[in-house]
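There are 2 protein chains.
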Amino acid sequence: MNLRQLKGTKEFLPKEQIVREYIVDTLKEVFKLYGYKPIETSILEFYDIASSKYAGGSEILKETYTLKDQGNRDLVLRYELTFKLAKLVGLNPDIRFPFKRYEIGKVFRDGPVKTGRLREFTQCDVDIIGVKSEVVNSELMSLVSEAFKRLGLKIYVEVNNRKLLFGIMKEFGIEEDKFVDFALSLDKIEKIGKKGVEEELLNKGFNKKVVDKVFGIVESTDKIKDNFEKIKFLKEKLSNELASEGIRELEEFFNYCKNFNIQDEIILSPNLSRGLGYYTGTIFEVFLKDSNIKSSIAAGGRWDNMIQKFLGSKLDYPATGLAFGLDVIYEAIKEKGLGDVKVKKIPQVLIVPIKTLNKTLSIASELRKEGISCDIAFNKKLSKALNYANKEDIPYCLIIGDEEIEKKEYKLKNMRTGEENLMSLQSIIKKLKS
Amino acid sequence: MNLRQLKGTKEFLPKEQIVREYIVDTLKEVFKLYGYKPIETSILEFYDIASSKYAGGSEILKETYTLKDQGNRDLVLRYELTFKLAKLVGLNPDIRFPFKRYEIGKVFRDGPVKTGRLREFTQCDVDIIGVKSEVVNSELMSLVSEAFKRLGLKIYVEVNNRKLLFGIMKEFGIEEDKFVDFALSLDKIEKIGKKGVEEELLNKGFNKKVVDKVFGIVESTDKIKDNFEKIKFLKEKLSNELASEGIRELEEFFNYCKNFNIQDEIILSPNLSRGLGYYTGTIFEVFLKDSNIKSSIAAGGRWDNMIQKFLGSKLDYPATGLAFGLDVIYEAIKEKGLGDVKVKKIPQVLIVPIKTLNKTLSIASELRKEGISCDIAFNKKLSKALNYANKEDIPYCLIIGDEEIEKKEYKLKNMRTGEENLMSLQSIIKKLKS
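Those protein sequence lines, which keep their order, are chains P and D. In terms of this note's numbering, the first sequence opens at residue 8 and continues consecutively. In terms of this note's numbering, the second sequence opens at residue 8 and continues consecutively.
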């Protein structure tokens, strides 16, 4: 058989997966602290639902895996968790709002494979539906801050507001139906630089003067340090209603952030646009400080209209949220050194019976009852067992021969220092739990 | 749009998903205590690998979802985790044995949808590769016992040995190439009864006398209570080598179980056969005591030859393990009452600001820092907030008006009893953490 790994998919061995589970567990814990509850949606979905106009959009649809089941139904593998949330809301009228949910699960996109971009990957989403106020966006910043503090990563957040961005365009005469097109180019500034974006915008038929004016506002704002000063400047320069509403929302947002006592830097960046069509208000991207990883490690924003449009509903579903990138967070932790990650070793101790297997089984049970992860060297002699423990990075070996059983004192060997001590089971438990 | 849920798939709202995550977390914790480490394999797989002779087998292949990607590759959605483990072993020659791994993930089978059988469902597998001794099967029983104790479910385990089962057939002249066929019928005894199985076996061309003799041995063994007495009886009745080896393994298994101090009932059931072709030795199925749920809630066994055959390797890969059924475990816990489940409420407290939103944000931060899940009634008046808390089963409301801010004493309302107390933040934290 020709064993091989499918391009764009990855399989994770314990060394990596233990850290990935630590990341997911940490995120979940923080999500719960902030009142977000778990849901689980299905991976298989009807094609017509996934491809409806207000689901993921035509760009994503090009990368969607399609299949038929034996009932000849047209299906897809979900490509994101957001439209699944919208569907869940539509099918469950009993949901009470505000509805704060998280979902962590696999999504699939049959697109180009680059570094850090897989075709099958895990999304970690938190969203809140039912609150219009900016306070929930500030709360998300507090959540981001707490999550990355626990993960030991230093971050900063770039923030913008879609209404401000479109308001800047409007101020200089760009027509409303061109806003998204303009924003899509602006979003590439990190990738292709200012010149590249300018060129693309001119090719798209935008007027050079207008492009210059937009860049002028953006650059002048970027030069100001304090966010409230930036807001003051923008208020002076922009007079249309759309821009003013965006500015007002940002002011509210930064005020609430102050009250949340968030220690991380949150920076107003008026060029931040984010590709997706459905953002409507405040948007944010989280980046690492002091790292070679330049891509964002979490991102999101307000998407007020999507659920209403998707469901064709008369009801209003204001919504905002963000997604954490599991793979890039793993890379960030790896960059700092996996040794720093505070996860318990599996196992913490390897019991090595010397012709005493039967009698060591109850000792294993005792240790496990006390919450100590342990394994037994079932089929290895002492030297091989010690070698295995070394290579598998098991911190302790517990060596048990007949004499030890008789005396009820067992040899605990610290595999790092080589130190050996004869100890009672109680002392061993105490030591391993500390 | 025609919103609807795809047959055979399910989406889980928080009420259910919180309990499902509790089950998964409990299982993971126990797996780790026993030295099992996590891996994650991909859902997308090449068709030729998934359909190779020694992967899941032809029965499963009939139910496999197939698809093509944009590179015109023939793919499947994985239908189980076992062949993915075998593949992982084949692609990673650096893995050290014994290799104890767990994997929890979605699998897909396009088969008939019955109660409790979905087309997209979660498997929770633990397996150990590299140990021939029966001690690892007994250790799995200890793991099962600990897992269900933590989940609050009373269980018993039916155990058999494939060699004993085939040995019984051999003893009465059934030919080796008919063993699996015979076992497949025997496995249906719960579903179609003894008469149904007999009929099926006669239809398959088995001799009535032989069928009677097999049933005779099985029934006589079932009547004996003590497992070691059963083994003694089987030793007397069976003389062929295959049966003797099965009996010897079972004796070893039950001896080790004794040494593991397992409190749950483990019962030797010589008719237990389990459908899958690849089991080679001891097999087990876990059932609930005192429950209306009659299907097994975990099951597994020894599968020594599969990896070797799958990889076409000269090396030996003795393996054994078991799978937990997340959906049926959920049903069992629900049957007992979801109220008994020891999961922390999300959120534990709802902060209700009365025109004090800005000032309550830092209080929310304080509570969260202390590990207390809390939410803020962003856009609700007092009566609506209390109503929301009641319906969402939030245990406490923390009501904060201007006066409370000034005095630094806040009103904590117990939503179950209606009791209200003015308390300092420190006392509130102390109370909610207790």
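Careful: at least some of the hints might be erroneous.
Identical chains share a label here; the pair holds if one copy fits it or two copies do between them.
[Unchecked claim] List of simulated lysine to any residue pairs, SDA-like, C-alpha gap at most 20 Å:
id, residue 1, residue 2
1, Lys-60, Gln-12
2, Lys-177, Leu-191
3, Lys-35, Val-348
4, Lys-391, Val-217
5, Lys-296, Lys-388
Note that these hints are calculated values from the structure, not bench results. Quantities reported herein were computed from a predicted structural model and do not represent experimental measurements.
Hints, one by one, checked against the model:
1. With identical chains, the CA atoms of Lys-60 and Gln-12 are at most 20 Å apart between copies only, with a shortest distance of 19 Å across copies and 34 Å within one.
2. Taking the closest pair of Cα atoms, Lys-177 and Leu-191 come within 20 Å of each other only inside a single copy of the chain (16 Å); across copies the shortest separation is 72 Å, beyond that limit.
3. Taking the shortest alpha-carbon separations for Lys-35 and Val-348, both the intra-copy value of 17 Å and the inter-copy value of 19 Å come in at or below 20 Å.
4. For the homomeric pair Lys-391 and Val-217, neither the shortest alpha-carbon distance inside one copy (73 Å) nor that between copies (49 Å) is at most 20 Å.
5. Within a single copy, Lys-296 and Lys-388 get their C-alpha atoms no closer than 49 Å, and across copies no closer than 41 Å, so neither meets the 20 Å cut-off.
Checked against the numbered hints given earlier, this structure breaks hints 4, 5; the rest are met.
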